[in-house]
Structures are given as C-alpha cells and as structure tokens.
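Engineer: Fit chain D to the known structure of chain R by using the hints.
There are 2 protein chains.
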Amino acid sequence: MDTMQNENQVRRWDMYEISLEGPQTGNPFKDVQLRARFELENSSVEVKGFYDGRGVYKIRFMPDREGKWSYQTLSNVGNLDGLNGGFICTPPEKSNHGPIHVHKQHHFSYADGTPFFVMGTTAYAWTYRPEEIRERTLDSFSRYGFNKIRMLFFPKHYGDGQYIDVSYDPPVFPFRGEKNNFDFQYFNVQYFQNFEKRVAELRDRGIEADVILFHFYDFEHWGIDAGMSAEEDLFYLDYLIARLAAYRNVWWSLANEYDLLVEGNRQLRVVLDRKDWDAIGRYIKANDPYSHPRSVHNVPFGVIYPDAPWLTHVSYQHPNTYSLLMELKRSFDKPVINDEYQYEGNVPQNWGNASPELELTRHWMAAMAGGYATHGEAYRIDDNSKDIFWSYGGDMHGQSPRRLKFMKQILESCPYQDMEPDLQKSEGRDRFCLRKGAELYLYFQTPACKDKGNLFLGLPEGDGGQFDIEVYDAWNCWLHTRLSSQAGVIGLDVPPWAVIKAVHTKN
Amino acid sequence: MDTMQNENQVRRWDMYEISLEGPQTGNPFKDVQLRARFELENSSVEVKGFYDGRGVYKIRFMPDREGKWSYQTLSNVGNLDGLNGGFICTPPEKSNHGPIHVHKQHHFSYADGTPFFVMGTTAYAWTYRPEEIRERTLDSFSRYGFNKIRMLFFPKHYGDGQYIDVSYDPPVFPFRGEKNNFDFQYFNVQYFQNFEKRVAELRDRGIEADVILFHFYDFEHWGIDAGMSAEEDLFYLDYLIARLAAYRNVWWSLANEYDLLVEGNRQLRVVLDRKDWDAIGRYIKANDPYSHPRSVHNVPFGVIYPDAPWLTHVSYQHPNTYSLLMELKRSFDKPVINDEYQYEGNVPQNWGNASPELELTRHWMAAMAGGYATHGEAYRIDDNSKDIFWSYGGDMHGQSPRRLKFMKQILESCPYQDMEPDLQKSEGRDRFCLRKGAELYLYFQTPACKDKGNLFLGLPEGDGGQFDIEVYDAWNCWLHTRLSSQAGVIGLDVPPWAVIKAVHTKN
Numbered sequence: 001m002d003t004m005q006n007e008n009q010v011r012r013w014d015m016y017e018i019s020l021e022g023p024q025t026g027n028p029f030k031d032v033q034l035r036a037r038f039e040l041e042n043s044s045v046e047v048k049g050f051y052d053g054r055g056v057y058k059i060r061f062m063p064d065r066e067g068k069w070s071y072q073t074l075s076n077v078g079n080l081d082g083l084n085g086g087f088i089c090t091p092p093e094k095s096n097h098g099p100i101h102v103h104k105q106h107h108f109s110y111a112d113g114t115p116f117f118v119m120g121t122t123a124y125a126w127t128y129r130p131e132e133i134r135e136r137t138l139d140s141f142s143r144y145g146f147n148k149i150r151m152l153f154f155p156k157h158y159g160d161g162q163y164i165d166v167s168y169d170p171p172v173f174p175f176r177g178e179k180n181n182f183d184f185q186y187f188n189v190q191y192f193q194n195f196e197k198r199v200a201e202l203r204d205r206g207i208e209a210d211v212i213l214f215h216f217y218d219f220e221h222w223g224i225d226a227g228m229s230a231e232e233d234l235f236y237l238d239y240l241i242a243r244l245a246a247y248r249n250v251w252w253s254l255a256n257e258y259d260l261l262v263e264g265n266r267q268l269r270v271v272l273d274r275k276d277w278d279a280i281g282r283y284i285k286a287n288d289p290y291s292h293p294r295s296v297h298n299v300p301f302g303v304i305y306p307d308a309p310w311l312t313h314v315s316y317q318h319p320n321t322y323s324l325l326m327e328l329k330r331s332f333d334k335p336v337i338n339d340e341y342q343y344e345g346n347v348p349q350n351w352g353n354a355s356p357e358l359e360l361t362r363h364w365m366a367a368m369a370g371g372y373a374t375h376g377e378a379y380r381i382d383d384n385s386k387d388i389f390w391s392y393g394g395d396m397h398g399q400s401p402r403r404l405k406f407m408k409q410i411l412e413s414c415p416y417q418d419m420e421p422d423l424q425k426s427e428g429r430d431r432f433c434l435r436k437g438a439e440l441y442l443y444f445q446t447p448a449c450k451d452k453g454n455l456f457l458g459l460p461e462g463d464g465g466q467f468d469i470e471v472y473d474a475w476n477c478w479l480h481t482r483l484s485s486q487a488g489v490i491g492l493d494v495p496p497w498a499v500i501k502a503v504h505t506k507n
Numbered sequence: 001m002d003t004m005q006n007e008n009q010v011r012r013w014d015m016y017e018i019s020l021e022g023p024q025t026g027n028p029f030k031d032v033q034l035r036a037r038f039e040l041e042n043s044s045v046e047v048k049g050f051y052d053g054r055g056v057y058k059i060r061f062m063p064d065r066e067g068k069w070s071y072q073t074l075s076n077v078g079n080l081d082g083l084n085g086g087f088i089c090t091p092p093e094k095s096n097h098g099p100i101h102v103h104k105q106h107h108f109s110y111a112d113g114t115p116f117f118v119m120g121t122t123a124y125a126w127t128y129r130p131e132e133i134r135e136r137t138l139d140s141f142s143r144y145g146f147n148k149i150r151m152l153f154f155p156k157h158y159g160d161g162q163y164i165d166v167s168y169d170p171p172v173f174p175f176r177g178e179k180n181n182f183d184f185q186y187f188n189v190q191y192f193q194n195f196e197k198r199v200a201e202l203r204d205r206g207i208e209a210d211v212i213l214f215h216f217y218d219f220e221h222w223g224i225d226a227g228m229s230a231e232e233d234l235f236y237l238d239y240l241i242a243r244l245a246a247y248r249n250v251w252w253s254l255a256n257e258y259d260l261l262v263e264g265n266r267q268l269r270v271v272l273d274r275k276d277w278d279a280i281g282r283y284i285k286a287n288d289p290y291s292h293p294r295s296v297h298n299v300p301f302g303v304i305y306p307d308a309p310w311l312t313h314v315s316y317q318h319p320n321t322y323s324l325l326m327e328l329k330r331s332f333d334k335p336v337i338n339d340e341y342q343y344e345g346n347v348p349q350n351w352g353n354a355s356p357e358l359e360l361t362r363h364w365m366a367a368m369a370g371g372y373a374t375h376g377e378a379y380r381i382d383d384n385s386k387d388i389f390w391s392y393g394g395d396m397h398g399q400s401p402r403r404l405k406f407m408k409q410i411l412e413s414c415p416y417q418d419m420e421p422d423l424q425k426s427e428g429r430d431r432f433c434l435r436k437g438a439e440l441y442l443y444f445q446t447p448a449c450k451d452k453g454n455l456f457l458g459l460p461e462g463d464g465g466q467f468d469i470e471v472y473d474a475w476n477c478w479l480h481t482r483l484s485s486q487a488g489v490i491g492l493d494v495p496p497w498a499v500i501k502a503v504h505t506k507n
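First to last, the protein sequences are chains R and D. With our numbering as the guide, the letters of the first sequence map in order to residues 1 to 507. With our numbering as the guide, the letters of the second sequence map in order to residues 1 to 507.
It should be emphasised that the hints constitute simulated quantities derived from the structure, not laboratory data. Where hints are given, some of them may not hold.
Heads up, the list lumps identical chains together, so a pair's fine if it works in one copy or across two of them.
To be verified - Calculated pairs, DSSO-like style, for lysine-lysine (alpha carbon to alpha carbon, straight line, at most 27 Å):
| hint | residue 1 | residue 2 |
| --- | --- | --- |
| 1 | Lys-450 | Lys-408 |
| 2 | Lys-450 | Lys-386 |
| 3 | Lys-179 | Lys-30 |
| 4 | Lys-436 | Lys-405 |
| 5 | Lys-58 | Lys-285 |
| 6 | Lys-329 | Lys-436 |
| 7 | Lys-334 | Lys-104 |
| 8 | Lys-452 | Lys-275 |
Only a predicted model underlies this, so the values are computations on that prediction, with no experimental measurement involved.
For reference, chain R alone in the conformation it holds in the complex (with noise of 0.2 Å):
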C-alpha cells in the first residue's frame, strides 16, 4: 500500500493493491482460489491473490500502461468472486523507471528504456535482523552505489564449527511448525511480510532484489529447503510469485550453489539433480506475468546450468571473469553475471579472503568482457563479531566498494551495452580493452601492465582523428590527466591502476 497515491490511482509501475475479506478456515493457503483479470483497453493481465492471515485477501498488480484499468475477481469462495474496481494509472515518478529487462541482447535496461548497469553486492540474509542493523546495511549498499543485492528468502544458517559460526534464527519462520517440523503447506505471513518490506526498502532507493528462492545453507539445522517436496516446491514459489512480483525491483534466481547438497557429515557434494530446476523454471516464466529476470547459479566446481527458455540471462560463480565470461556471452547469447568471483574478506576460507585488488581486478576483468558481476565482502572485524557483511549485513569495512563505485561512474558515462573487448587491444592479462567501434575506446591496466602508459588508439584500418583522452586513477578514484591526441601509437602518464577512456572527436 506505501506506493499507492490515493484508493483510484496509481503511478505507472506501482503498486495496485485489493485487500479483501475472507475465510480463515482449514488452510486458507490451500483452499482458497483467488484470481483478478485487469484490463486497460484491448489488453488484460491476470494475477493471483494470495491469503495474508486473519481472513484477509490480497491481490497485488504492478500497471505498466498509463490509462484507466478495470478488474474483477474470480474465485471458488463466494464474496470473493465476481468483484469488480478500477483505478486510474498515472506517470511515474521521475526516479521510476519500471521494472529491468534484457536490452540489446547481452545487457539489462530499465522499461523506460534507461540503461542498467549492474553493481551487484551480496547481503544473503540481511533481511531478518534487527532494524538498526539493517539501516545501516540499505546505507552501505547505497553509499557505494550497489544496484543490485543478492538475498535469500529462507534463513540462512553459515558454520565451519571452527573459526566462522553464525547462525541467527529468524524471529519467526517462513512455515508453520517448528525447527525440522514445518508444515511446507501453511506460511507464516509475517516471515513473508518481513521480507516484502526490505523489498520495498530497496525499491525506494533504486535497487534490485535478487531474490534467492532455494539455497542449500541449512545443514539440518531448521530442515527447511532440503525437506520440501516438488509439489512443495510449486506452492511456495506460487505464493511468493502473487506476493513479490508486483514489486518492480524483484528478480529470481532460482538457487544459490544450486548443485551443491550437503551430507549428513557436512560433506559438500555437487549433485545436479537436487532439484528439478527446469520445473521451477518454467513454472515461474509461466506465472510471473511480468517476466523478471530469471537466473539459476552454480558453484564453481559446478556445472554452470544449461540454456533453457525461462533463463533470461547467466548468474555464475567463478574466479574466472574475463575468458569464461566471454565464452558464456557467446554460447548463450544472453547477459552474463558473475554473481560471486570470491568476496573481499580476511576469513579463513578461500571464497572470502580475496584483497581489494584483486576484487577489483576480477570486477573491472567481467566488465572488460563485456559482462557484469557482483561484489562481495566477508570481513571478520573482531574475534567476537558473528555479523559478515556477506550475510548480515552492517557497515562494509573492504576497500573495493568506493573504488567499485567509482568504477560504475566511468562505466554509466560510457555506452556500455554498445561495447565489446578487444581482444587486439587487449594483454590478456594486465590490460583491458573494450570499445564503441572507432568511437571510444576504454581500457583497464593492471600494475603489473608491461607497456603501461603505450597504446595504440583508432583501428588499423587507418582510421585516424583527433582523440580526447581521460586517464583515471582506479585505485585512488580520481581522474588523473586530461588531454587531447592525434591517433596512433602514443605515450601517456598513468597510474599504476590506469582506466584510460579515449573518446573519438574528428578526423
């Protein structure tokens, strides 16, 4: 309701919500059909309502068309069946630009059409701890412009029983029951309302939630996930649809480390099947009736899932940014994520101990392949500290973030969707190309860059011209020289963390 302007109108890409009264019997979850057609003109969508607890109905539904809509319900209870209403939907915001889509093949724009590039950071269990902790968790992700938030919706429970060993309950549980006693047929609404309005915290402040909707981090602790039945599965992922998906910023991604099961000993084990993820797959394309990005990710040692129609682009995990990427964008032909390249961090685990620069090695290295990743951090500030930002949020001690955001800044001036690498311009290792055509050329060296400061600028198709060149400091986040140049090979003074942006003038 917090989006809605008054009872009759809403703002384009809003929230439209009914709340109705109805039965509390039985199981409400179960029993109850509830089902609304909107119509706007020639065109209708249908959604599905879904019970909120105390005999309360809702139906919530996100207009993407200015104009007048009309609605009516259907359902298998009586005085919820054959309502009708209408509401007036009006421009958006200014700050709004709708939902995120695949754009240009290979990259994601808002459907106003406003490019997005994503700076994905990773908060898997932000969303149940107390409030003032997760203040300070929204301020961090927006201070370092994090776009982009990977989350679980079931709790998440980490250990190694050693030197990491964080596992807070929730205040209450996704599922009626109790700790491996849940009944995976009745919600508890309030483990849902919790999450929806961290949702709609990230919404406000322009951020995307990439909602994890199976993950295996319950090590028998709650029995949660790994109990569930497939037709289980379907249920949950049918109330979750009707309650998220009229928020703009949501994604699903079907699973975290989807191919990994734990053992009864703790043993990580790769097991492909341990879901039927085409399923799930297909059963959201075909119930999100507004097609958020769908994903599914694996671990490294993994396989990285396979083509299928309800993929809209490739969430993977790996150290490998750059090659792989770049092969991936190739064989799926869809925009390429790689959602954890291993966090920041100083725990003893290789997947949290990378520095901050090779943080921000690998991060520039998915861009420089035309891709996109998600940044991490796993700082252990004291002995006694259970709170890692990777899963609880908090302040963000890394040193990658600022230099991460300043990073997004040279990208967003660039046309980044209408980039791709240079492979001739590029070392293959300390240094980076990636360019508009003859249009503007983009560069990331390394220190350990041989020729540093010699490059060759316009194609050698002879194309000549005048080039405005900038030279960024990436480490220390400023622009370092400014200067005009004659294409051809040139010298240039740069730091030993150089972003050179050379951008075609005349001829």
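Structural biologist: Only chain D this time, still in chain R's reference frame:
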C-alpha cells in the same frame, strides 16, 4: 648433396639433386626454362630446376615414397631437355620424420605422424654472420630445444639511431648490383647457397626453418624488397621455391610485420596493401610441390591477416597469447602460433625488454590456450655489443630458455594435440587449465594465483576415480611432488610457479 647416400639411392624425405651443364650467356635465370617430372608407379611430381651460376643447372627433389623413382627433364634449351634418369628411395633414417603438416585441425605433425610441439625462437639475420658466431647460434638453438627458427631471407638492417644501431652488411647480396641499385632480375647465387647451407644445418639438428620471404627492415638502407615490383616478387619466389622446397624443414612465412611501412622520415606506418599477399600466398601454394606450412605475420596494432585458402596456420604478433589466441583458433579453425609476444631483454624498446617471468607466463599461456608461441631475446650485454640474439644469434643470455625447454618437455609428455582449454578450471589470469577429456588435466599457475594448492580434480558430472599427480616447479625446473589422490577438491603443496599434471588412473 650432403644428404645423398650415393648417386642412385636417396632416403625418403631427403633430397635428390641433379646437376646439369647449360648456357651461361644472357640472363640464364630468365631465359632458361627447366623442369623435371619425377614418377613412381602411378604418381608423378613436377619440380622446377634453377640456375646455380657458372653454367650449372640443378633440379632438386624430395621423395615422399620409397621405391624406384624415374624422371625426365623438360627445357627450352636443347641439351637440358628430355634427359632421363632415376634413383631408389630407401627408408628414412630414424631421426628423420619428414616434413611438417597441419594435423588434427589445430596442430602440427611430421609426415610419419610424430607430433611436433612448436617451440620457436627468433634469429632474423643469423645466416650471414661469421661461422664462429653461427656455430654458437646453432648450439644455442639445440641446447634449449628450440625447434623452429624465424629467420629472414633478405638481409636485415635495424637501428634506432641511438641505442641500437646494428646493420651488418651481408658478405654478398641476393641480387647483382650494388646498394640501392640492385638488378632484381639477376640473382647472386652465393647469397642463396649460403642461406641453403644454414637451412641444411638446421635440418640436420631437427629444427624447422621458418623462412620469412619479405620484410620491411631495410629502411632505405640497401633498397631491397621495397624496390621490387610485383612481377619481381614472384620471379624471386619462383627461384627460391626451386632451390629451397626440397629441404624438408622449410616453412614459408610470407612476411614479418607485413603491414608496416617505413617512410622517408623513419616513421612507421601501418599500410595493409604493401604487397599483394594474397597473390603471393596463392603463388606459393600452387608452386611448392610439398605444401610446406604457409603463414603471414602482422604487427600487434595492425590487422591479423584474414583467412585465405593458402594460409595453413595463423602466425600472429601480439602480447595477448591467451584470449586472443583462443579467439583466432576458433575463428580460423587452424593452428595458431603467436610468433612474437615481446622478447626477453634489456633494450629500451618495449618489444625487447620483457622480464623472464613475463616471457615464461606468456609462453605458458599460449600453450594453455591450446596454441604455440615463439620466444626471442634482445639482451645487449655491454655498450659496445652490436650482437643481439634476436637478430644475429650467438649465445643466449636470457633466463627463460631453460624454463621453456622444461615447459616443452612437460607438454611433450602430454597428448597435447588432444587437449583443450578448460575455462571453468582456469582462473583466467593466474591459473590456466588444459585437459584431455577426463583423462588428463594440466594446470599452470603464476605466483599470483590466489587459491594455489586448491584444485578440483575430476569432472563435475560426478566423475570420480583416482589421479596420479605430478607437481612441477616451472621456475626451478624440477619435479616438486608426486602423489596420488582421489577425485574431488584437493589441497596440494605447490611452488610459486606451479605446473600440475593429473592423470586419471581408475574409477
């Protein structure tokens, strides 16, 4: 004649040579046409003869089948025409595996099927230095196991007018006349004879001569090459093929840095149409009876020569030995050799001041991309030294050659031609993996590799089994550890520069 056993017996893939007396007047190179048709059973090969000075005409032939060959000459000169003869072709010596051809689409093998792992080096103008230097050059090649030498046919001048200024005149020039006034239609046979002796010396050491037919390193110094007309180019090629093609170890490299032109002011410029390379390539393909390997070679900021039917493999020059190499392999679907990725050395120019560490890394990366590369070194030992190996040979002073030899030994112990890069097992910058199916995994890691000893062995499809593992120290050139391990995530003790070879033994 040095490889003949006696007048009537020649070993397979050795050279049979006929010497005939003929006219000395006029321009015998132009005026006299001489060919011979060699026949064995129902196959025949036609080769051209050539004038070798002092009234001597020669015809050279490399038999590729054992048996009783016969021949007949054809000429426009009466006493050279219609001559008959023959010889017995006997089995080759054990060390003679024949000429090299493309094998398994992306690799090279000798005619008898022995795989050829290219380990190139560069000595552009070693052929016309004094014998004492040449002996040391040959010993350097052999000591480090280099098996393909990039070498110019025409003499080479190089000077930056300051730090490096080396331009030995050859004792004789390839054409009659004098500097900047050569007669490109009258050859100086002594120049050719000398070059052939060098090719034969390489052949006898099992080394391939990658003969560069044209280059731009004349700088208006002698007026060769750039002064030749298109007809003179083919006239020269015709003569060179008649003389050299019967040496089994010859490769044709149409040009080095084919797209560079030097203008009057010594300014380098990229000029793609310096010569009609396509016409030259087609001519060689049509006239070389043995189909020796053919390539042409760009500058790094030029264009890699596009695919053509006469091109047997890609020879490119670029610091990018990995992602670009894989891209070229995919797009050309031919073997790829990075023939100059910058030389180890200490000259001021970037092309010749790579560290041994960079040299080793780039060369290993080429192998890990499933391709090949060519080393070079440019150490100037003292201020008075004009002799830099990359041009004139002599002794090698670099630290990479012995490590490249060790690298070659490891790769020759693998089924290299059946191995492909595995990007999911490569980190993309500091760890690289090449494998043959699930049988053999080879990793190369630089000291910057983050996860060092952590590997996932086995395929993600659940392939388990046992692995015999050898860990090599790629810097100190020894076997570091040998162990057996089960498939899965394993932790190894590895040196900073590590090569890990894991062979699947049993399930």
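Engineer: All hints are to be evaluated individually against the structure, with a verdict given for each.
Structural biologist: How the hints compare with the structure:
1. Taking the closest pair of Cα atoms, Lys-450 and Lys-408 come within 27 Å of each other both inside a single copy (25 Å) and across two copies (25 Å).
2. Taking the closest pair of Cα atoms, Lys-450 and Lys-386 come within 27 Å of each other only across two copies (25 Å); inside a single copy the shortest separation is 42 Å, beyond that limit.
3. Proximity of Lys-179 and Lys-30 under a CA criterion of 27 Å is satisfied intra-copy only: 22 Å inside one chain copy versus 97 Å between copies.
4. For the homomeric pair Lys-436 and Lys-405, the shortest alpha-carbon distance inside one copy (22 Å) is at most 27 Å, but the shortest distance between copies (41 Å) is not.
5. For a Cα distance limit of 27 Å, the shortest separation of Lys-58 from Lys-285 inside one copy, 22 Å, qualifies, whereas the shortest one across copies, 77 Å, does not.
6. Taking the shortest Cα distances, Lys-329 and Lys-436 sit within 27 Å of each other both inside one copy (17 Å) and across copies (24 Å).
7. Taking the shortest alpha-carbon separations for Lys-334 and Lys-104, only the intra-copy value of 9 Å comes in at or below 27 Å, while the best inter-copy value is 32 Å.
8. Neither within a single protomer nor between protomers do Lys-452 and Lys-275 lie at most 27 Å apart by alpha-carbon distance, with minima of 49 Å and 33 Å respectively.
Violated hint for the displayed structure: number 8, the only one.
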